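Once you've looked at the hints, dock chain B against the given chain A.
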Amino acid sequence: MELEETLLPGVGVRYELRTRSGQLLGIVVQRDGGAEIAVYDRHDPDRARGVFRLNAEEADAVADVLGAPRLTKRFADLSKEVPGLQSARIPIQPGSPFDGRSLGDTRARTLTGCSIVAIVRDADVVPSPTPADQLRAGDVLVAIGSSEGLEQLARRLSGQV
Amino acid sequence: MDHVSALLLELGLLFLGISVLGLAARRLGLSPIPFVLVAALALGEGGVVPLTTAEPFLAAAAEIGVVLLLLTLGLEFSAGELFSSFRRHAPSGVVDLVLNAPPGFVAGLLLGLPWEGALALAGVTWISSSGIVARLLGDLGRLANRETPAVLSVLVLEDLAMALFLPMLVVALAGEGPGSAVAGVALAVGAVLLVLLAAQRHGHRLGRLLSHEDDEQVLLRLVGLTLLVAGLAQAMGASAAVGAFLVGLALPASFAERARAILGPLRDLFAALFFVAFGLATDPGEILPALPVAVALAVVTTATKVGTGWFAARRDGVAVPGRLRAGTALVARGEFSIVIAGMAAAAGIPEIGPVATGYVLLMAVSGPVLTRLVEPLSARWRPAVAPA
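Residue numbers (our numbering), protein chains in the order written: chain A, 210 to 370; chain B, 2 to 389.
Isolated chain A (complex conformation):
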């Protein structure tokens, strides 16, 4: 994959992505957080056509839409590549003993051997969370480990152990 980055003085940064299907995508990320997404003219490849203009809020929404499933997908791919390794999305239910406590308190790795690689909270994703990150009811933990370990972790998070 080719992702080319060009500085636009006074405006922001332009990214150009040549996809495997041969299409060219242009993304201008503006300094105020807004973005423009464009495809290029077939006859004049220097010219952006069909420009989408996003303000900062809309750009964030698009980033979330593309970002959240991608993250879990990446771990799904990983578990396919490594035999015996599984990934799971484990929710923190209301009433869980870990609602309001830190990730470190779950002692997930010590007790179950699982790694928690991300916390999905509404539309946000906290990748590579630290032990100090607080958990809340409604969070979904993305974890990888053995299938027994993941089951153990799910039970522990729901307060069954």
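Quick caveat, the hints were computed from the structure, so don't treat them as lab data.
Any given hint could turn out to be false.
[As the list claims (entries may be wrong)] These stretches of chain A come out as covered by chain B in the derived footprint (C-beta under 8 Å, 3 or more residues):
(1) 212-220
(2) 232-245
(3) 327-335
Remember, predicted model here, so these are calculated numbers, not experimental data.
Cβ coordinates follow ideal geometry from the N, Cα and C atoms, glycine included.
What follows is chain B alone, placed relative to chain A:
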């Protein structure tokens, strides 16, 4: 009618008038600058409505307007962006200077201006309006285009060049001969480099000094510091505008974002008054006789600016339609041409006023129109050799 009520009435009508003109200009997809200039010509002495009471206030507001214009210009680009533009597009900057400044200089001499006046006119034809061009690129959806980095780089380099050109012009206008003009430039180069390097290392400290959670505090500190530096620069025989530009340059990118947002409305208000004051100082009766020269200059420097954009875009490997888009986008001249002409007029060369006004009126309108016209070209463009 007493003095205060006359002043308030005049200013109120003035701002409302500018508002209506700005709205009309945006409807047409043009910059409000030429509209405000034309309206200001119609006002004042020899015009339709005399603005006698407001004139002293306008003169002071115009000075602040220039300072704020240059401060926001310095805030617009970070030191990193300046350096990277310089590395990649230094030859484009040289071509820009070599093609666009001489027509103004020659025209100035032919008009019988002293060489200092001709130098000012060279600056008028050289510097594109970064305000008009940047807005145009956004409006036309060209930010993602391949030629756009080249266009923006030329603008950045021109803005940097302004920081060197203005002190030279100020020294030259003071009538101290070419020798001290060169010394003025050397001093300016030193000051700009020093500020850029200091900003890279210690800019965050200045940022911390000015920041406060309260917007009002930020505004007061920033405007206070800028006026102080501008005043000192002026007292030292440099230019207030350059002092303000250096303050903007020295502020770190993290603070610049907030400063731009807070300063924006104030800048717009005072910059508008600056254009009004410039228009007021120009005698409308002299525009018509100066028009043939302004038209000739406009034709020549449109061609040279297109050449500049063509050259810069070609360096980035852009094809013919993109080069034309880049060239025509750069044609517009505006606020900085007026700043330069205003300096010369204030220094006792009022003859530059009519020709510079006519010229900016033409270029601020024709630039945006021209670059819209070349847009459909790419639909018809076919590369001579089909890509394999």
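Hints, verified against the model:
{"no.": "1", "hint": "212-220", "result": "holds (count 6)"}
{"no.": "2", "hint": "232-245", "result": "holds (count 7)"}
{"no.": "3", "hint": "327-335", "result": "violated (count 0)"}
Hint compliance for this structure: hint 3 is the single one not met.
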